[in-house]
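From first to last, the protein sequence lines are chains P and L.
Sequential numbering of the first sequence, starting at 2, is according to our numbering.
Sequential numbering of the second sequence, starting at 866, is according to our numbering.
Keep in mind the hints are simulated off the structure, nothing from the lab.
Positions of the beta carbon are idealized from the N, C-alpha and C atoms, including for glycine.
Please note that a few of the clues may not be correct.
What the hints assert, rightly or not - Below, a sample of chain L positions facing chain P; criterion: calculated Cβ distance under 7 angstroms: (1) P885; (2) G887; (3) E888; (4) R891; (5) Q903; (6) G911; (7) G931; (8) T932; (9) R933; (10) V934; (11) A935; (12) L936; (13) N937; (14) A940.
Unchecked claim - Heads up, incomplete: computed chain P residues facing chain L, CB under 7 angstroms, no partners named: (15) Y81; (16) S82; (17) N118; (18) E120; (19) R121; (20) E262; (21) M266; (22) A269; (23) V273; (24) S274; (25) L360; (26) I364; (27) P513; (28) M518; (29) W599; (30) L687.
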Amino acid sequence: MSLPSHLGETARNSPAPARHTPTYALVGNPNCGKSTLFNALTGLKQKVGNYPGVTVEKKVGTAYSQHGQPITIVDLPGAYSLAARSPDEAVTRDVLLGRRSDTTAPDRILCIVDATNLERNLYLVHQIMDLGRPVILVLNMMDLAAKAGLQISIDRLEKELGIPVIPCEASQGKGLIELKVAMSRSDLPLPRHSWTIPAPIAPAVSELQASLVDHSRKSALSARAEALLLLTDQDSVRVAGSTPLDGRTLGILHTWQKRWESEGMDWAGSLVSSRYEAIGRLCAEVVRAGSSDRSAANVSDRIDEVVTHPVWGWAILGVIMVALFFSIFTFAEYPMTWIDDHVASLSDWVKGVMSEGDLRDLITDGAIAGVGGVVVFLPQILILFFFIGLLESTGYMARAAFIMDRLMSKVGLNGKSFIPLLSSHACAIPGIMATRTIEDPKDRLVTILVAPLMSCSARLPVYLLMIAALVPNDRVPVMTKVGIMFGLYGIGYLGVFGFAWLFKRTLFKGRPPVMIMELPPYRMPRMRDVLLHMVERGGLFLKRAGTLILAISILLWFLAAYPKSHDGATPQEQMTHSFAGKAGHALEPLIKPLGFDWQIGIGLVASFAAREVFVSTMGVVFNAQDTGEESTPLRQALLAAKWPDGRQLFTPLTCVSLMLFYVFAMQCISTIVIVKRETNSWRWPLFQLGYMTSTAWIVSFLVYQGGRALGF
Amino acid sequence: MSSGENAKSVMARLPLCQLPAGECGRVYELVGEGTFKQRIRELGFGESSLVTKISGRSPVICSVNGTRVALNHGAASQILVERCAVRS
Chain P
2 MSLPSHLGET
12 ARNSPAPARH
22 TPTYALVGNP
32 NCGKSTLFNA
42 LTGLKQKVGN
52 YPGVTVEKKV
62 GTAYSQHGQP
72 ITIVDLPGAY
82 SLAARSPDEA
92 VTRDVLLGRR
102 SDTTAPDRIL
112 CIVDATNLER
122 NLYLVHQIMD
132 LGRPVILVLN
142 MMDLAAKAGL
152 QISIDRLEKE
162 LGIPVIPCEA
172 SQGKGLIELK
182 VAMSRSDLPL
192 PRHSWTIPAP
202 IAPAVSELQA
212 SLVDHSRKSA
222 LSARAEALLL
232 LTDQDSVRVA
242 GSTPLDGRTL
252 GILHTWQKRW
262 ESEGMDWAGS
272 LVSSRYEAIG
282 RLCAEVVRAG
292 SSDRSAANVS
302 DRIDEVVTHP
312 VWGWAILGVI
322 MVALFFSIFT
332 FAEYPMTWID
342 DHVASLSDWV
352 KGVMSEGDLR
362 DLITDGAIAG
372 VGGVVVFLPQ
382 ILILFFFIGL
392 LESTGYMARA
402 AFIMDRLMSK
412 VGLNGKSFIP
422 LLSSHACAIP
432 GIMATRTIED
442 PKDRLVTILV
452 APLMSCSARL
462 PVYLLMIAAL
472 VPNDRVPVMT
482 KVGIMFGLYG
492 IGYLGVFGFA
502 WLFKRTLFKG
512 RPPVMIMELP
522 PYRMPRMRDV
532 LLHMVERGGL
542 FLKRAGTLIL
552 AISILLWFLA
562 AYPKSHDGAT
572 PQEQMTHSFA
582 GKAGHALEPL
592 IKPLGFDWQI
602 GIGLVASFAA
612 REVFVSTMGV
622 VFNAQDTGEE
632 STPLRQALLA
642 AKWPDGRQLF
652 TPLTCVSLML
662 FYVFAMQCIS
672 TIVIVKRETN
682 SWRWPLFQLG
692 YMTSTAWIVS
702 FLVYQGGRAL
712 GF
Chain L
866 MSSGENAKSV
876 MARLPLCQLP
886 AGECGRVYEL
896 VGEGTFKQRI
906 RELGFGESSL
916 VTKISGRSPV
926 ICSVNGTRVA
936 LNHGAASQIL
946 VERCAVRS
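Next up, chain L with everything else stripped away, as it sits in the complex (with noise of 0.2 angstroms):
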């Protein structure tokens, strides 16, 4: 599946914590220990996974390959993401 990359939208790269709710990111880089990236990548969290943010409140809320993961903040923070270009 390619990546839907859309030449209009500017790709706003933020961390997953920033993500407005309701929309969706890629993720494309995951930072600190080896253990968390480990952990979120087996979690099918890994690099070019699609994330929907259904809830913004800390902690967040997100729907990766149809199930519901909810993160705190100091895991949302680690994993960034790019906005996904907005379906109108």
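In isolation and in its complexed conformation, chain P is listed as follows (with noise of 0.2 angstroms):
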């Protein structure tokens, strides 16, 4: 069945709405160039948010016209096609369909393409031009397919879809000038698209659009696209913020896909082959391929022959591996050291200002100590998002998650979790945004579930702490320190796999993992992409410690500050007597077989807000006897400390024990808060806090009560 003409002439006649400011959505396979596109026409002229209900991302940027119009971009999630198999690419699939009420439909498409691709990335392609909507179609890497011998006719392309077609290289700035003019124009064509509909589905099409159209007023031509869709659509994921399916619709999909079960039909894949079909009729008159220059493929294959060998793979991993966390810890002290400088001095200068008084309190002790010891991992967080964007944009990426498939099946995840896990190294909250490329909706929900466990960048001010009270500075090798820190992460490994493994055997039993991952030819790092990736993501951190982490500080300044203790007393003296204080001594008795005191108790309770708040908490409950002169560094506070019968508080057994605790358990409220939004439900945040703490509190237990027993 073509399409009905009646309609072609309706939607022929009505041309696109000439805005001044038209809406475009962008929208391509993953790794055929669509962020470079995106970053090309852009600039920094961006802003990143999320789609409510769902942690995935919305990206929107300015372009300006040749005339200086604006013209806004909406960036969505890469696809492989509409019937949306992950979140993020519900997400592009329900922007599309105008589903979203939080986004407006676009106005019109452009849709970006690998030359060197050409039939994969048209079937994207061929579903969007279905929607009624005017399309570009950018050829993107026309420099990569005249190399592979693809001759493309460009002309005849335009011909044959009715719609411009922009060859172009996005990286090399090229064909930009052509896009913006095309995307300028006020009378943009409709595709001109037929295709035939196998006549076994063709009746069920017209029922489900007419039923659709009745429903939501939708034109008649998206409601025959999103009528297409949900034939093929399988689970029909559906997130959050998307507008359900009327009652009536999804009677008639059912009654349809009944009958065909029954006669043993498969409908979607007929759909499918039938689309293929027409790409490959297209693909046969546009595309010749003439005699290749093969070098290009060879080197990505040559490449690969090393990174994926099952020796040389895993020895260059490692090697990243530990280049990244070199990096990570070494070159980020300066600025570290920097801001910390600066956060006391803006901290000093407010003190000398503002008069003595609650309020000065609240700004030096809540809202700078608390954003400053947030702020002052950004380096780090920077350093970790280059190196990920670095290792992305040359392709090395997927090569990491195929080599880490080996290991990850044996706990029943796919190599796809390693992305999540490996960024949950500076934080877990991208690490578990990150999530949202896996498919499989219990892999996801695993990997969310274990990525806390991967030891952060905030834990890191609190193992650095207990080794320094561990160990002697001046008796031990550096070496020594180095190899405590990579035990505990080395544990939190463990952790990791032994729950995933758990959690797949038990919670989450399902089929054996089934990977299905592009591998993107080698290219050179783009570092503009890069550089934008990390600013961008330093900046939601930064907007993340500015609220969130705002708001918790001073939560945690005011219960420890109140209620107000007698005139003239110690700040130990009035932390002792605050609500902080009280949970610490509540707290007490469940934690004195870990071998920590309430003061201890303090910390865990502040630190439930961020890990390293335990060190800014210790510092006020252990440091506070001297007023105003040279503070006692804290390392030798937390060795003078004492319990009330004159024991020793941090033996070297309560330090290793209390890092083991800050190993396995899940003190971020902020995690909390992200796991809930991803999951839509309070479920699986509290299993999550529950199986982490307890296994916090059993590990410690055991390490500090058999270290007892064996006379430590």
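Build the complex: two chains, separate frames, hints provided.
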């Protein structure tokens, strides 16, 4: 069945509304150069946010036409098909279909395809041309296509599809002017798009289309596109914020599916293959494969022979990981000290200009100390994202996931879970957000549940403080400290793999993992894209520090400052008397078997906001005796701390117990919030809190009591 | 394009995971769940597409339509291919 003629007529007679600022949606397959094009078109005029309800990023940018008119571009997550398999693909689909109330459906669609693989890329374009909106097709990587001996007849393609086709090399900036000219046109044509829907399916499509038009007053064409999609959507992933399907349409869908099932017909398969047939015919007309210069493809394959080798692959991954950690710990030191100093002098400055009082304390001890303690990790986070961006833009990241697949499959996950876990080394929040590319919902949930066990940068200050208390600086070589640090990271990995294995065998029993992943050809990294990505991440991190963490810091300050003790009380007495102090006392019976007293208890309570808060809290609790004069280094203060009966509090065993507690405990309210948002219920974050904290308690208990029994 | 069948060679049918590295096969059947088949077809890996196996270890690397696709054992065992006639 071709397009019903009356529909075609209406669509053709109503040109796209000529607005001053048309909104374009940018869509394309993963790895086709979509973000490079987006960056090239919009430059720094980008806004990154979230779609409400899901942690899928929403990127909106502004480009300017040749006449300086602003053009809004919404960058949609990369997808192979509109039949969504993961939440980010579902967002792409729902924005294009106008199913999301938070994002107006784009007026026009900019489709970018990889010219070296036209057939596969055109599949998505083919679905998009169904939508009844003006489309511009961008053929990216024309240079690589030419190298591969592919000659694409642009004129022919334009004629066949009836839409502007712009050849382009986004990474070189070639073709951008032509693209902008096309984008500024007020009279973009609708695609001339006819393909034969397999005969047995056609009546179902019309029926669904009619029902959708009735129910949602959609245009006939977009209802038809949605009807076609309903038939290929197997799981029909629904994400928060999307309008659900109405009951009548759903009923029609189920009736047809039942009928076909009883007839043994594979309706979804025949729809896909009829699209591919149409695309195959088109490609046969427009693409001519000449003599190819195979060297480019061969270089990638030859690199892969080494990089994915069972031995060399691991060695290379190992070297990269070591380099990554080395940079995080060494290069970040100078900027971190700089930030620390400036936070301290800001605090001093406030102390100087304001008179003493609660408001001043709120600003210095609450807001500045709390936010400053988190902002200090910015350099490490920037370095980590610089590396991740670099690995992604060269194409190595897919290979790392490939190598890790062998290991991950042992615990029932697939290699794609590796990237979120790697990001969790900086912070579990970007890690959990990165799980949105995992297709299997069970795998995704397991990855979310174990990601916070990866030692994140917020644990570092705690580890460093405990290592300092455990081993004296002057007598022990630096390597011992590094060794302890690696040990703690290693225990974190054990936790990740152990719990993933356990969850996949109990709570989330499923089929054996199936991994299908495209390995993009190796490319030279695009520094501009890498740096933009890094800056964007840093911005999101700072935004979080400025909102959530600020609020929590103020709350914690309040808990530590009230109720007021008697006048002239030392800060330590005040702390004891405060809500936080009371909480520490209440907690003591529970944590005494781990070797912790109520003062450490305050740290545990306070650091529930963020782990690194433990260090600043310990500073207040133990270092408080001296007022104004030279402060004892925190390490000395810790070593001087005693139990009421005179025993030393921070024995080596207690330090070890405390470190292990922090390896496993879910001491991070931001993670809980993000997991809630991501899984759409309180069930999983609470489960996560429960299992992590009880593991932490049990491990610390066993180590402390075992150590005591052995005489440590 | 006709499949270029060669009467002399026996068309061996086998799962993709068993296809020797360096050889080429034509997909003739996908087994497994609907979602899996859908995904594979949408990636251009559907019935009658030509696949060249590049690396035979698990996960395997294949070339389909000029792109490299990695599949783990679970995925590769659900794609049945016909071995192409070896060109001499």
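**Message:** L687 (chain P) was flagged as interface toward chain L. Is the shortest Cβ-Cβ separation under 7 angstroms?
**Reply:** Interface hint status for L687 (chain P): violated (30 angstroms vs cutoff 7 angstroms).
**Message:** Next item in the hint list is G887 (chain L). Is there a CB on chain P closer than 7 angstroms to its CB?
**Reply:** At 11 angstroms from the nearest chain P Cβ, G887 (chain L) fails the 7 angstroms test, so the hint is violated.
**chain L contact restraint for R121 (chain P) - C-beta distance below 7 angstroms** = 4 angstroms, holds
**Asked** Is the shortest C-beta separation between A940 (chain L) and chain P less than 7 angstroms?
**Response** Hint holds; A940 (chain L) Cβ to chain P Cβ min 5 angstroms, cut 7 angstroms.
**Prompt:** Any CB of chain P closer than 7 angstroms to the CB of R891 (chain L)?
**Reply:** Hint on R891 (chain L): violated, closest Cβ of chain P at ~14 angstroms, above 7 angstroms.
**Item:** Closest C-beta approach of Y81 (chain P) to chain L relative to 7 angstroms, hint status
**Value:** With a closest approach of 6 angstroms, the Y81 (chain P) hint holds.
**Item:** Hint validity - S82 (chain P) Cβ closer than 7 angstroms to any chain L Cβ
**Value:** The hint holds - S82 (chain P) has a Cβ within 7 angstroms of chain L, the shortest such distance being about 4 angstroms.
**Asked** When the nearest CB of chain L is found for P513 (chain P), is that gap smaller than 7 angstroms?
**Response** Constraint on P513 (chain P) satisfied, holds at 5 angstroms.
**Prompt:** Given G911 (chain L) as an interface hint, is the shortest Cβ-Cβ distance to chain P below 7 angstroms?
**Reply:** 6 angstroms, holds
**Item:** Proposed interface contact between M518 (chain P) and chain L, which counts if any beta carbon pair is under 7 angstroms
**Value:** M518 (chain P) check passes; min Cβ-Cβ to chain L is 5 angstroms, inside 7 angstroms.
**Request:** Would you settle whether the hint for V273 (chain P) is holds or violated, based on the nearest Cβ-Cβ distance to chain L being less than 7 angstroms?
**Result:** 4 angstroms, holds
**Request:** Verify the interface restraint on N937 (chain L): the C-beta must sit less than 7 angstroms from at least one C-beta of chain P.
**Result:** 4 angstroms, holds
Hints 1, 2, 3, 4, 20, 21, 25, 26, 29, 30, counting from the list given before, are not met by this structure.
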